[in-house]
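According to my numbering, the stretch in the sequence shown is residues 1 to 273, in order.
Worth flagging that the hints you see were computed from the coordinates, not collected in a lab.
Note that the structure is a prediction, hence the values are computed from the model and not measured.
Mixed in with the good hints there might be a few duds.
Computed Cβ-Cβ distance ranges for the label pairs, DEER-style [stated by the list, open to error]: (1) D195 / E254: 33 to 39 Å; (2) F145 / R32: 38 to 44 Å; (3) E21 / D196: 21 to 27 Å.
Yeah, the Cβ is synthetic: ideal placement off N, Cα and C, and Gly gets one too.
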Amino acid sequence: MVRVAKDSFHRLEQAYANLTEDRLKRAEVEMRETRTTSDPDISLLLRELSIFGHAQPLSNESRLLMRRKIQALDIRAGMPAIWITISPNDINNPVKMKLAIHRLHDYESAKELLADLREKYDRIALSTMDPVSSAIFFHREISLFFEKYVNTGRESIFGKISHYYATVETNERGSLHLHGLLWLDGNMRLPNLIDDMANPAEEAYRAQVIRYIDSVFHECLDEDAGKAVRQERKPIDPVEEVMTSTSALTAAFEDESNFIAYCCRAFPHIHLP
Numbered sequence: 001m002v003r004v005a006k007d008s009f010h011r012l013e014q015a016y017a018n019l020t021e022d023r024l025k026r027a028e029v030e031m032r033e034t035r036t037t038s039d040p041d042i043s044l045l046l047r048e049l050s051i052f053g054h055a056q057p058l059s060n061e062s063r064l065l066m067r068r069k070i071q072a073l074d075i076r077a078g079m080p081a082i083w084i085t086i087s088p089n090d091i092n093n094p095v096k097m098k099l100a101i102h103r104l105h106d107y108e109s110a111k112e113l114l115a116d117l118r119e120k121y122d123r124i125a126l127s128t129m130d131p132v133s134s135a136i137f138f139h140r141e142i143s144l145f146f147e148k149y150v151n152t153g154r155e156s157i158f159g160k161i162s163h164y165y166a167t168v169e170t171n172e173r174g175s176l177h178l179h180g181l182l183w184l185d186g187n188m189r190l191p192n193l194i195d196d197m198a199n200p201a202e203e204a205y206r207a208q209v210i211r212y213i214d215s216v217f218h219e220c221l222d223e224d225a226g227k228a229v230r231q232e233r234k235p236i237d238p239v240e241e242v243m244t245s246t247s248a249l250t251a252a253f254e255d256e257s258n259f260i261a262y263c264c265r266a267f268p269h270i271h272l273p
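With the sequences and hints as input, model every part of the structure.
Structural data, given as C-alpha cells:
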C-alpha cells in the first residue's frame, strides 16, 4: 500500500499504467550509471515513493536522511572518531525484570514473583512479552550512557566528545539496540592522523596519541573465561551481592564484558545506494 496526495493520484495512475518491462530495464541501467533516470513517469513514481518513505522508520529514505545529517556533522566537526553499538540485555537484566513485574502486578505479588523468578526460567517470558517495559528499560540505559559515559563537552571515558549521532534499530525479535558515532573535540585533522604519527619528527605527538588510545580502549579477551561463563551461568543470576558490593559489581562487570567480547555479537550490514 502506498499513500499519495489527492492531486497526484491521477498522474500516478496514468504513469503506472504506461509502464513496460523495457522502460523499467532502461531506467534500471540509467539508475546504476547516473543514479537518476530520464524517464519522466518513473521519476514521478520514485519521487512519490521517496516522499512516502521519509515518514517510515528504517526505510531507505530515512537512512539516506540520516547519512546526510552525518555528512553535515562531518563538515562541521570533522571525521567521527568512535563507532558504538549498544544492545542492553532486555531479557534477564534485573532492572528490566523489575520494570516488567511491577508494571503488571501489585507490590506483594511482584515481590514474590521476583523471588520465584530466580528458580524458574520459564518466567522470563514475562519480560519478553512486555515491550513497553523493554522500551522504558532501553530508554533508561541509553540516557544514562550518554549522560554519564559520553558526557558531551566535558572529559569522559572516551576523552572530550563534542558531538554524537545515533539511531535506534530492532533485531529479528524486536529487541532495541543503538548504533552511533562520536566526534572528539578538535579532531578536524583526524584523517591525517596516521601520516602525522608516521613522521619521524613527531615522536612526542605519536607518544601522546598512543597514551590517549591506551587510556580509552583496552582489549584483553580471555577465551577460557568466556567458555566458563557460557557453561556455568544460570538464566537468572543472584544480584543481591552485586547490588551491595562494589568489588563484586566490578568483578561481575569484567566477566560480563569479557563474555560479550567472546560471543562476538555481530549485526548484518545494510547497503545504502
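Taking the hints in turn, this is what the structure says about them:
| no. | hint | result |
| --- | --- | --- |
| 1 | D195 / E254: 33 to 39 Å | 36 Å, holds |
| 2 | F145 / R32: 38 to 44 Å | 40 Å, holds |
| 3 | E21 / D196: 21 to 27 Å | 55 Å, violated |
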